[in-house]
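Construct the entire structure; sequences and hints are all you get.
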Amino acid sequence: MTSRYRLGIDIGGTFTDATLIDENTGEIRIGKVPSTPEDPSIGFTNATDRMLLEASVAPDEVEYLVHGTTVATNAIIEKKVAPTGFITTDGFRDLLEIQRQIRPTLYDLHFEKPRPLAPRYLCFGIPERLDAQGNVLTPLDEDALADAAQQLKHENMTAVAVCFLHSYINPAHEKRAGDILREVFPGAIVSLSSEVAPEFREYFRASTTVINACIRPIVANYLRRIEDRLREKGISAALLVMQSSGGVFTFASASEKPVFMVESGPAAGVIAATYLGTALGNPDVISFDMGGTTAKAGLIQHGTPRVTKEYEVGTAAQSGVGASRGAGYPIRTPVLDLVEIGAGGGSIAWVDSGGILRVGPQSAGADPGPVCYGKGGVEPTITDANLVLGRLNPSYFLGGEIELEVEAARDAIREKCAKPLGMGVVETAHGIVEIANTAMTNALRLVSVQRGYDPRDFVLVAFGGAGPVHANRLAIEVQIPKTIIPMSPGTTSAMGLLVTDLKHDYSRTLIQRVDQVDTGMVANIYRELEADGRASLEREGMNPSDISFLHQVDMRYVGQSYELTIPLPGGKLGAAEIEDVHSRFHSEHHRAYGYSASAEPVEFVNLRLSAIGKINKPHLRQIDADNSPLSAAQKVVRSVYFAECQGYVECPIYDRYRLSAGAVLEGPAIVEELDATTLIHPGYHALVDGFGNLILTKTP
Amino acid sequence: MSSSEIKFDPIQFEVIRNVLLEATEEMTVALRRSAYSTNIKTRADFSCAFFDRELQAVAQAFAQPSHLGSLAEFVPRAIREYGVENLGPGDAILSNHPYLGGVHLNDITLMSPVYHQDELFGYVASLAHHVDVGGGAPASIGAFREVFQEGIIIPPVKLVDHGEIVDDVFRLVLEQIRSKRETAGDFRAQIAANNTGIRRIVSLLDQKGADTVAYYINELLDYTERRTRAEIAALPQGSFSADGYVDNDGFTDKPVYLAGKMVIDADGVLFDLTGCDPQRRAPVNSTHAQTFAACAYVLKALIDPDIPVNAGFYRLVRMIAPSGTVVNCAPPGPVVGGWETQMRVSDILLKALAVVLPERVPAGTKAMMAQLGFGGTDPRSGELYAYYETMAGGYGGRATSDGPDAVQAHSQNTENAPVEETEINYPVRILRYELVENSEGAGEYRGGLGLRRDYLFDHEVSFTILADRDRWGPEGLFGGEDGEVARYVLNPDAEAAKLGSKVTVHLEPGDVVSYRTCGGGGYNPPGERHPQAVLRDVRDGKISLERARDTYRVAINTNTWTVDMEETAKLRQNND
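So the protein sequences, as listed, match chains P and B.
The numbering of the first sequence is the numbering used here, which starts it at 1 and goes up by one.
The numbering of the second sequence is the numbering used here, which starts it at 1 and goes up by one.
These are computed hints drawn from the structure, not numbers from a lab.
We put the beta carbon where it would ideally sit given N, CA and C, even for glycine.
Fair warning: there could be bad hints in the mix.
Taking beta-carbon pairs under 7 Å as the criterion, some of the chain B residues facing chain P (in silico) [said to hold, decoys possible]:
id, residue
1, Glu22
2, Arg33
3, Ser34
4, Arg181
5, Arg188
6, Val419
7, Glu423
8, Leu431
9, Glu434
10, Leu435
11, Arg539
Examples of chain P residues toward chain B, derived with CB under 10 Å [claimed, not checked]:
id, residue
12, Asp90
13, His110
14, Arg120
15, Tyr168
16, Tyr203
17, Gly326
18, Val351
19, Thr428
20, Thr441
21, Asn442
22, Gln450
23, Ile511
24, Phe549
Printed below as a string of structure tokens:
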């Protein structure tokens, strides 16, 4: 059998993670090299080189390579975007200036609105107008457009975004504008709103298109550099990028529509959780990913992660009504629905001016990091608290790379928190963890209960460097009956890169009442979208037999202005299907909002299509069941604090790599591995399954 | 365990505080997602709160500071009026009564008791701005003489009885309203929101015990008061006054005089509005709760934003607003235009602080709600419709930065309605939506530009403007100039006619209304503005070349897009 490998490269702020899967054996190898922010493609090739060398894999044995990257997001946050012009309908030149007309913060008298990504003098209103049905009211003024193109050329713009009113229903003017732009200004990289995000609500469509336009040159260059380097090395693998929606697309597609990959990084973790849950027979999953600065919760139902269409890029983690709406640039492409909160291992504990203990949202990050790292951090963090409680092993952090300083952590908690509160150090450390747990519990509730899902119907898949030490407790709080801790939780996200399908998402606005819907029109639109999807996937090398489509419709009660996405199997719309989609909408509305109004008229708003190119998934690798006694895997016994036991108890510490399949660990217990620590509370136990996963449930 | 036996635990405190706040956040999400009207969903004009058994505000979530305090004042009064004893599990009462602590009639509140193990624990409330509540003009805004013309007045009445909607009440209310289907949907959304809040709080009580939660609620209010007090102590102590005018009252040109004084001392902050004009039989009267929100907003903007909003905060906000004045309207005065007045109250109070906190407060902002509404019979369906929105304007310049263009100010932070969505849902075409060039109040840090939206109709329509600022623009500060005034124009491209700031006009097919809001006031003299900043504005077309030269005294070479330094030096020297 010839060797075939898949390689995943995930570039984060500090480290570039590489994951290599042997397709024949399912064996997974992981590696880390420092990221190279000035030119991430260097870190990319370093990681690739090192991985191939260590695994003795020849370049041409890599069949398939997936990249997770924050290059698009960083370009926006750092405003390192291409000079971009904006063309719209006459009278609406200021769409990007006006935005949503709101302040991102309510009480800050010195607030600023996000700066438009195209300055006003490069925004042009061109005479042309459609009505809401797509009829032409004013024909496109081609001369005015040519003049604008000339000016943009004169100003040395690289990219141009075009968004005309109501182009989602009739793209003719935009297409013509694209032709003229390319003719007058041949080098311009043109993005049309009717191609990038053909949905109604002009500012959101315009913003999506402008984001796409202004990052295209950067992303395309970046991917081209990587491709060149890989080809030089003899790697001929298919090159793919993770999208915000959790699907992958080729470097070529990513270079056309980079706005689809702005949340490339966080998506991978949810995909890994989906894959793991599904492979273990649990397709309903809440994913929980806790790293150094934030924790992210996602929800997966029937093996499909929830997707949101309300997303702002270029802003910090947000929560709360109105708290930071309008702080960034909205995009309307599918993004996995994650609740992100500022609670990570590095989140700082502090006492506020009212004498109350608080945790986060400030973070010590990786540098200087928690006090116990001994790298100059002085503010106590969640990691420091866990260390003081005996939950982390000072000599085995990152496999022993750093010796953690327990006394320094204890001192910092005492001085900064315990003394001002008049509490003991241990009590305070436990309080820090409890408060962080409350915030994370809220995040888990937000993503489940608040969206109408009962957590008792789900399993929790917890990962990230800091996830497994909190997971058991969170599951107890939120009443999730079962928790899965995958092997090597610190690299679960990177694994997610390698277990997803090729995907292209399309949408088209069609506002019609369900009982009066033009079924021929729906069929036509779906035919067009399917043709687009099939063409893209075939261009990417997919066999027709591996191509499938997921049809969905956004629906609402007539008069509502928020839509629910309902599946429309096969995209067929006969009398029976209309009936079916109708009742599915009512029951989804009831599930999500607690009521439905079956007598009320319902309308279609957007038709959606996901074109999926199926990629074989690697097999999970079995571990040995050698029936060796559990004691063989036990490293030591350590004093660990458990509130349930009113203090420290002697707790067995196990080496995850020595646990064999079928082993059962009664809590209190701790399992240590290179990149994470799993805490099992009293009353709970962990079963080691055939793949080495820890399955935590209540002890009967 | 009774409260007296509980020992304070700061960890438990923080946990319970988070859950209570989360409960109200969950309510707002439920409301926003399931509501019908654009006003609630897109523009986020709603608020949700939790009150304890003693009817003290404990936690509140909202996107509009205009709801600061208004719920806190309204809910206790409405529930006491109805009778605490008359409310059982599964019940909910509805009200919008402006003289019971409500605001304008469009803001309707639904209040539900929270019972835990058959014991009353507290109340949840959701407030939403409904697009139409009947009355003399579509969207229920306009210039009227009495509150009775403004729409349906709902005293506290049961809308939900033992979990079932009281159909008689529901139908009676809906029959008064133009947009029945939307409003019915919005009421259902409010019910869903209250149920969400009740579930969350009950689960907290199950977990922690009612006595424990009650104990920590009191601790939370004390904590909030403590922190607020410390922040107030750090503000300049003393008495600070300012005054100003609302342009007119909608029936006469007589300006409406407003006087505001802030007394900051160890007891907190006293907002004394004695001296404001007597109330008018015209749409400029603010209710007590509306005016209170204007004051509470000012204090909130001056303290640590991390401090929660609850009764502990409100305890330190005292207000004197004599009854029968434009800042505390008595029955049966009309209240629908009260927002225009209350927004100005905030502007005046901030102005009062400019001398002692010059680095904190902005120059004059839009400071009007800038409402508009229209309606008629939709020629596409033959159904009645009503539309409502508010327009942003220029913000005031600040000590170190320009006032942002086209943005909401003070109590108001409602989003715009997308043009495409509006044209799909309503029989109107929007011709322009753009910044008003040269409308900024000039200054070293200029005011923001105003905003323009033009509406074209192909059928007969009643169109209402309920705004202000077409006589005096927002004031500049420390030598900054005033912002350009607002303009309301009928048929701007034909025989243009000026419209008043508080009118309802009847439009014929083909008519256009052009709604242009004011620019913000400037900060410091315009001659001190950095020439590069002037260059940027000219290049962006936000101000004209002439204005750059005449007002800012900056000469610009438009061939090279550079500042003509020599000429600029000359211009600035000559005028010093």
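Hints, verified against the model:
1. Glu22: 5 Å, holds
2. Arg33: 6 Å, holds
3. Ser34: Result: holds, 4 Å to nearest chain P Cβ.
4. Arg181: 6 Å, holds
5. Arg188: 5 Å, holds
6. Val419: 6 Å, holds
7. Glu423: With a closest approach of 4 Å, the Glu423/B hint holds.
8. Leu431: 6 Å, holds
9. Glu434: Holds: closest Cβ of chain P sits about 4 Å from Glu434/B, inside 7 Å.
10. Leu435: Holds: closest Cβ of chain P sits about 5 Å from Leu435/B, inside 7 Å.
11. Arg539: At about 5 Å, which falls below the 7 Å cut-off, the nearest Cβ of chain P leaves the hint on Arg539/B intact, so it holds.
12. Asp90: 8 Å, holds
13. His110: 6 Å, holds
14. Arg120: 4 Å, holds
15. Tyr168: OK, holds: Tyr168/P within 10 Å of chain B, min 8 Å.
16. Tyr203: OK, holds: Tyr203/P within 10 Å of chain B, min 6 Å.
17. Gly326: 8 Å, holds
18. Val351: Cβ of Val351/P sits 8 Å from chain B, so the hint holds.
19. Thr428: Since chain B brings a Cβ to about 8 Å from Thr428/P, closer than 10 Å, the hint holds.
20. Thr441: 9 Å, holds
21. Asn442: Result: holds, 5 Å to nearest chain B Cβ.
22. Gln450: 5 Å, holds
23. Ile511: 6 Å, holds
24. Phe549: Since chain B brings no Cβ nearer than about 27 Å to Phe549/P, farther than 10 Å, the hint is violated.
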